[in-house]
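Required output: the full structure, derived from the provided sequences and hints.
Residue numbers (our numbering), protein chains in the order written: chain D, 2 to 419; chain Y, 82 to 331; chain A, 39 to 462; chain X, 5 to 320.
Just so you know, the hints here were simulated from the structure itself, not pulled from any lab data.
The reader is advised that the hints may include incorrect statements.
Subject to a maximum C-alpha distance of 27 Å in a straight line, what follows is the list of computed DSSO-like cross-link-like pairs (lysine-lysine) [what the hints assert, rightly or not]: (1) A:Lys237 x A:Lys205; (2) A:Lys427 x A:Lys334; (3) X:Lys312 x Y:Lys100; (4) X:Lys92 x D:Lys397; (5) D:Lys8 x Y:Lys209; (6) X:Lys128 x A:Lys438; (7) A:Lys438 x A:Lys294; (8) D:Lys164 x A:Lys163; (9) D:Lys154 x A:Lys163; (10) D:Lys414 x X:Lys92; (11) X:Lys128 x A:Lys294; (12) X:Lys92 x A:Lys427; (13) A:Lys163 x A:Lys237; (14) A:Lys461 x A:Lys106; (15) Y:Lys175 x X:Lys92; (16) A:Lys235 x A:Lys212; (17) Y:Lys205 x D:Lys7; (18) A:Lys155 x D:Lys154; (19) A:Lys336 x A:Lys99; (20) D:Lys164 x A:Lys155; (21) Y:Lys314 x Y:Lys88; (22) D:Lys7 x Y:Lys88.
To be clear about the criterion: a stretch of chain A counts as covered by chain D if any three or more of its residues have a C-beta under 8 Å from a C-beta of chain D, and this derived list gives those stretches [claimed, not checked]: (23) 70-77; (24) 125-135; (25) 139-150; (26) 281-287.
Even glycine gets a Cβ: it sits at the ideal position worked out from N, Cα and C.
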Amino acid sequence: MIIFLKKFGIWLAAVLICVVLPLIFRSGFSISLLSQMGIAIIFALSYNMLLGQGGMLSFGHAVYYGLGGFLAMHALNRIGAGTLPIPIELLPLVGGVAGVLAGLVFGWLSTARASTTFALISLGIGELIAASALMLPSFFGGEQGIIGDRVVKLTITGFRFGKQIEVYYLIAVWMLICVALMYLLTQTPLGRVANAVRDNPERAAFIGYAPRTVRTLQFTLAAFFAGAAGGLFAINYEIITAETVGAQASGSVLMMTYIGGVGHFFGPILGAILITFMQLSLAGVTHAWLLYFGLLFVGMVMWAPNGLSGIIMVHEPVWKARLMKRLLPAYGLIALPCLIMFLGAMILIEINYHLSLSINPENPMHLLGITFRAQSPVAWGLSLVMMVAGFFFFRKARSVVQERWSEVSQTLKGGLTR
Amino acid sequence: MSTTALKLADVHKSFGSSKIINGVNLAVAKGERHAIIGPNGAGKSTLFNLISGFYPLSAGYIELNGHMISNLPPHRINRLGLSRSFQVTNIFPKMSVFENVRCALLWPMGYGYSFWHLCDRLKKINAKAEEILERINLADRRHIPAGLLAYADQRALEIGITIAGNAEVILLDEPTAGMSLSETERAVELIRDVTTGKTLLVVEHDMQVVFNLADRISVLVYGEIVATDHPDKIRQNPQVQEAYLGKESA
Amino acid sequence: MKTTLMRSLLIIAFLTLLSLPAMAADTIKIAYIDPLSGAMAGVGDAGYKHFQYNAELLNAKGGVLGGKKFEIVPFDNKTSPQDSLIQLKAAIDQGIQIITQGNGSSVAGALIEAVNKHNERNPDKPLLFLNYAAITPAFTNEQCSFWHFRFDAHVDMKLAAITNYIKSQPNIKKVYLINQDYVFGHAVSDSAKAMLKEKRPDIEIVGDTFTPLGKVKDFSPYVAQIQASGADTVITGNWGADMSLLVKAGKDAGLKVQYFTFYGSGLGAPKAIGDAGVGVLNSITEWHLDLNQEEKNKEDEEFFLGYNKKYSNNGDVPYYYGRIRTEMTMLAAAIEKAKSTDPKAIAFALEGMEYQTPYGKVIMRAEDHQLIQPLYISTYAKAGEGTVKYDSENTGIGFKTIKRIEAADTAMPTTCKMVRPEKK
Amino acid sequence: MLEYIIFSLLNSLVLGMLLFMLSSGLTLIFSMMGVLNFAHASFYMLGAYFGYQISTAIGFWPALIIAPPLVGLFGALVERYGLRNVHKYGHVAELLFTVGLAFIIEEGVNLIWGRNAVTYPIPKLLDFPIFTLFNTEFSAYRMFMLFISVAIFIALYWILTRTRIGLIIQAALTHPQMVNALGHNVPAVFMLVFGGGSALAGLAGVIGGIFLVTEPAMAATLGPIVFVVIVVGGMGSLTGAFVASLLLAAIQTFAVGIEYSLSDLLALVGIRAEVGGILKDLWRIQLSHTGPILPYLFMVLILMFRPKGLMGKRET
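Listed below in structure tokens is the structure:
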């Protein structure tokens with residue numbers, strides 16, 4: 002039993018969370034948010050099959066997501082019309098097939114080299130598909146996209162999927178299946194060899210693998226999951242437009258994956274949850290969310306290139322060695338200046354957005370329960386002082402943290418040699 | 082021709098107008114340990130890169146066990162039974178030591194591009210990888226990312242990757258470069274051990290190593306082989322002494 | 039490394055705190071679902087302020103139904119259909135039953151479908167969708183819905199008005215069509231060709247070009263083509279940079295043509311085009327900011343100036359959407375007429391409603407829920423001369439009406455087969 | 005027809021030289037530092053906005069002098085305090101850093117100058133047609149742009165071939181390790197090149213902002229096309245960038261005039277197919293509509309079949 006829990010505990014927990022979450026967050030908005038998170042998790046993990054596991058930086062992954070969505074939407078409409086006998090629950094597979102077909106073709110064309118060449122080809126293909134999406138309205142539906150109705154007769158579970166909650170559970174099931182499959186893929190010969198090709202394509206050729214074939218296969222499989230995510234998108238929104246194949250969707254999944262961290266399997270899951278939350282919730286709170294988003298991204302690139310998962314996993318050995326208590330006070334120490342610095346920056350940003358986008362810049366603005374005039378020199382001065390002072394103490398505190406860290410890692414190393 | 086493992090016939094290579102390899106003929110017999118020596122810039126690494134398919138030939142041809150391999154891509158040559166190491170350490174730095182070795186076993190043991198097997202369930206492969214790790218003395222560090230190993234250990238790992246696939250012909254490019262004396266000794270032992278029964282072609286600067294290891298030696302000077310013979314004869318060959326050894330022994 | 043994590047967590051924590059919505063009992067909430075961040079935020083923000091201003095004016099007069107006040111609740115959809123649907127859910131969560139939107143036919147199409155499905159699946163709590171700017175004809179034709187009302191003239195109506203004007207101008211002989219290469223641009227091109235053929239068969243269409251949407255940097259090659267074709271008039275559905283660049287490149291090359299556009303008189307176009315448009319750039323709208331001078335309408339002038347004072351950022355983004363006033367006041371009138379804020383009752387009250395605006399009577403046609411209103415073709419003119427008193431976006435450029443098209447003349451037949459719920 | 009060809013040639017020259025001003029900096033940065041700078045077009049946008057802001061305050065001519073160095077300074081600071089810290093994480097991180105930077109700059113421009121275009125008019129001194137051929141006018145401003153960009157081209161050429169720093173940069177283009185070995189201060193050279201490239205982009209912005217529209221989306225519309233230029237021209241080749249700029253501008257300009265579609269082509273060989281659905285859309289697309297997307301097609305093909313580009317010495 003214990004062994005079973007150890008091995009599958011995390012999966013059980015994931016299932017449990019998926020079941021329970023919509024019971025806690027019951028509003029229509031929350032359930033929509035959760036549904037979108039599920040889709041984003043599949044999409045981001047599939048992107049990480051390229052970037053994290055295959056070393057391929059793509060600027061056009063949304064092509065497969067979008068094409069999967071469009072094909073699924075056409076299929077949905079055929080199902081509704083009774084001309085296509087596929088139960089709606091299996092629609093993501095249709096999207097996946099679209100992804101595979103497109104991925105096979107474009108993957109083969111673009112994977113002769115990795116790195117910059119690949120990145121630029123993916124950018125070019127992305128631009129081409131996005132441009133033709135508007136020029137080929139009979140498939141892509143032009144600006145308005147294609148709409149469908151997910152309430153169809155043909156189901157295997159008996160649900161009608163009229164209610165969002167039913168769709169949520171459908172997405173959750175598919176999400177769990179896809180996550181498990183993608184995890185298992187990392188454990189297969191192809192998954193491992195993809196790592197090898199990422200690390201050192203020349204060497205990989207001398208253990209018998211053609212780098213291009215490995216990349217193409219990995220790419221195609223990633224495109225399958227992206228397409229499946231697109232299929233779920235079609236069911237969830239009952240509309241799909243050309244923007245799903247566009248550069249913005251591609252950029253967004255890149256940011257999710259990177260912020261979550263490419264080095265660990267679960268990283269993109271964190272990224273997908275966080276970024277989806279920011280995109281959908283933060284936008285309702287502040288006009289400046291895009292700026293916060295950009296700052297977060299650049300901050301991650303500069304100071305935490307391994308992403309959220311990297312930050313977490315760095316602490317794993319410390320946690321196991323029961324040394325966290327040595328780090329926590331230092332973290333507490335650095336949190337305060339960070340908080341001050343962040344508050345200062347936030348005040349400054351919010352003031353500026355108030356001046357440029359509010360109903361009337363003369364109106365007082367509300368921030369953190371305080372009401373003040375955006376033009377007030379006090380607010381400007383305070384925010385600047387907070388930023389400067391925060392930065393000053395941040396640097397001081399940082400050296401303390403570094404000191405603690407080196408102590409802890411010394412102890413850890415000592416433990417290893419002993 | 083069944084006794085010849087590797088045959089180079091009138092191999093030429095030029096980059097633009099500069100001729101690097103100028104009509105090399107070489108036959109390495111099965112089971113032979115063959116060394117190539119020569120001064121810097123003689124074209125030794127280029128020759129390796131030609132044999133292993135890294136560069137296309139300008140003229141001539143190369144046969145591996147009777148198969149024409151000139152201008153095949155590297156992975157095809159590898160699948161025909163030729164494996165090589167690199168002058169600059171060339172491993173998979175982010176993967177664990179164990180994973181490095183295991184990856185080298187996947188193709189030769191028939192798992193190809195499979196995405197329907199789980200590596201951890203491939204008992205035969207895992208046992209083989211363990212065995213290789215024991216032989217290259219890295220079993221205790223199997224979970225460390227390969228990029229974090231000490232230099233000599235990385236070289237050992239590279240040899241492990243190179244021989245893992247059980248290739249009949251092994252090319253080693255300066256396997257002991259940059260090692261201390263004691264490390265070199267151990268490396269030579271390792272090479273001797275793991276290449277037993279195989280055909281070995283090695284480029285090496287350290288003459289001690291060469292004379293210790295090789296059955297026959299070829300001397301490459303300015304893209305041409307000036308002599309091929311047993312080590313003792315090479316030592317005495319006046320042409321060789323003038324072209325190469327003369328400087329070293331002086 | 040830690041700091042970034044903390045920072046992001048803090049962002050979330052704080053901003054969630056900030057978002058506690060305030061509920062008031064006696065308000066009629068209207069969800070404004072349009073872009074409020076990103077590239078299109080300027081346009082969405084302007085629309086929001088328009089609604090806010092009109093709501094304020096109505097509230098100052100005592101609101102509706104004896105004191106119920108209007109409240110505009112903004113939702114940022116980033117011009118994306120799927121985001122709009124999620125924001126719609128958020129609006130429903132807040133108990134909002136009236137939504138309004140305008141930017142992007144893709145968004146409007148998605149919202150119409152979503153509202154239809156919602157009302158079908160939740161007949162006891164229906165939604166009402168008031169569309170103020172998405173002008174794809176389909177929304178009041180084959181795709182028409184009982185729950186959707188459009189307060190802007192659709193593409194074909196505007197084109198009909200333009201071609202009617204062209205019909206009355208015998209010196210227009212050669213017309214060049216240049217449009218963006220997507221559904222809207224093709225619709226403009228097709229309709230323009232059909233209408234011109236019918237109304238002025240003698241006019242020669244000397245060019246029918248499509249430009250990739252938002253990708254062209256220099257329009258001078260197109261201008262050279264127009265020049266070479268000998269056209270005297272250009273009809274274009276282009277908007278944004280695709281329109282400004284065209285007009286500017288035309289000015290650079292000394293192209294002497296009249297442009298007829300849809301979006302020339304506001305939302306950044308005057309700023310981007312500037313003097314290049316004077317005397318040549320004509321736009322079709324239901325309102326413009328010098329109309330009050332031309333028609334000597336003091337009330338409208340005050341209305342305009344009131345907005346300018348409070349919301350226009352010192353005249354930088356002046357009042358533009360005349361129809362938002364129509365939408366809000368008609369909504370108020372419909373609520374009074376229905377004596378209810380129930381969307382179904384309001385919808386039935388709005389159907390066929392006739393309403394007196396400062397510039398004539400408008401009617402919400404019952405058969406397709408399309409507002410029929412008078413339209414104006416106006417041209418760029420230097421401010422300070424004659425009736426051109428006010429300038430747009432501080433550019434020194436105002437507008438002069440060259441043609442008023444009566445409401446009845448803008449009406450087009452509809453293919454709508456309206457499906458109505460039971461009126462209880 | 006002659007009129008059309010002459011003016012199309014002139015116009016493609018103007019656009020091509022503007023593209024060159026942008027791509028020369030980018031190709032230098034890319035080939036020396038290996039950084040594919042996604043924020044390069046953002047520097048161009050900053051140049052336009054700085055130029056606009058300064059010219060509303062003290063006039064266009066001072067703006068022309070002041071704005072580019074300001075952008076260059078900003079670029080140098082970005083290199084020094086941003087990019088250099090990211091360098092140790094590898095090229096992907098550097099690239100993503102510039103992506104994020106582009107994002108922040110766009111949002112910042114939105115915040116400071118608003119979401120709509122700004123009025124950035126042609127300076128009075130240049131607001132007249134310089135010559136009229138047949139019926140078409142050629143504006144003095146376009147001539148001025150041409151003049152500036154040719155001057156920059158010559159200056160760049162001179163700096164790179166005749167000055168010491170130029171020779172170091174040239175050496176670094178082909179053999180980046182060599183320069184390091186020779187003991188030159190490579191980080192300083194990098195900062196100089198990054199700042200210089202940004203300043204060039206800024207200058208392109210100051211004059212291009214008038215010619216095109218100064219709006220927050222201007223970086224995003226021009227950005228990808230600059231990549232196309234350096235890819236097609238070949239990494240590290242200024243001559244390549246020059247040729248590719250002119251070539252791409254000419255393609256875009258002339259494709260506009262070719263109103264043939266696939267169906268016309270088929271009709272030419274006697275096939276008149278009645279098709280529906282997606283084929284009908286494909287049939288209908290005229291070559292003239294594809295002008296601005298042709299470059300991407302071109303880029304993808306070049307990368308697949310000739311990754312060195314037209315004149316490059318190394319693969320990307």
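Check your understanding: Is the straight-line distance between the alpha-carbon of Lys427 of chain A and that of Lys334 of chain A 27 Å or less?
Key -> holds (12 Å)
Point to revise | Distance restraint between Lys164 of chain D and Lys155 of chain A, which requires alpha-carbon spacing of 27 Å or less | key: holds (10 Å)
Review point. Count the residues of the region 125-135 of chain A with a beta-carbon closer than 8 Å to any beta-carbon of chain D: does the count reach three?
Key: Answer holds; 5 residues pass the 8 Å Cβ test.
Practice item. For the pair supplied as a hint, Lys237 of chain A and Lys205 of chain A, confirm whether the alpha-carbon distance does not exceed 27 Å. Key: holds (6 Å)
Check your understanding: Can the restraint linking Lys235 of chain A and Lys212 of chain A be considered satisfied, given a maximum Cα separation of 27 Å?
Key -> Holds, because 12 Å separates the two Cα atoms, which is no more than 27 Å.
Review point. Is Lys163 of chain A within 27 Å of Lys237 of chain A, Cα to Cα?
Key: Given pair Lys163 of chain A, Lys237 of chain A is violated - Cα atoms ~47 Å apart, limit 27 Å.
Practice item. For the pair we were handed, Lys314 of chain Y and Lys88 of chain Y, check the Cα-Cα distance against 27 Å. Key: Distance ~22 Å between Lys314 of chain Y and Lys88 of chain Y Cα, so the pair holds.
Check your understanding: Between Lys7 of chain D and Lys88 of chain Y, does the CA-CA distance stay at or below 27 Å?
Key -> Roughly 55 Å separates the two Cα atoms, so the pair is violated.
Check your understanding: Is the hinted pair Lys336 of chain A and Lys99 of chain A satisfied, with a Cα-Cα distance of at most 27 Å?
Key -> holds (18 Å)
Practice item. Starting from Lys312 of chain X, check that the Cα of Lys100 of chain Y is at most 27 Å away, please. Key: holds (23 Å)
Review point. Does the structure keep Lys92 of chain X and Lys427 of chain A at a Cα separation of 27 Å or less?
Key: violated (61 Å)
**Study point:** Pairwise hint evaluation, Lys294 of chain A against Lys438 of chain A, where the allowed Cα distance is 27 Å at most
**Key:** Given pair Lys438 of chain A, Lys294 of chain A holds - Cα atoms ~19 Å apart, limit 27 Å.
Consistency with the previously given hints fails for numbers 12, 13, 22 and 26, ordered from lowest to highest.
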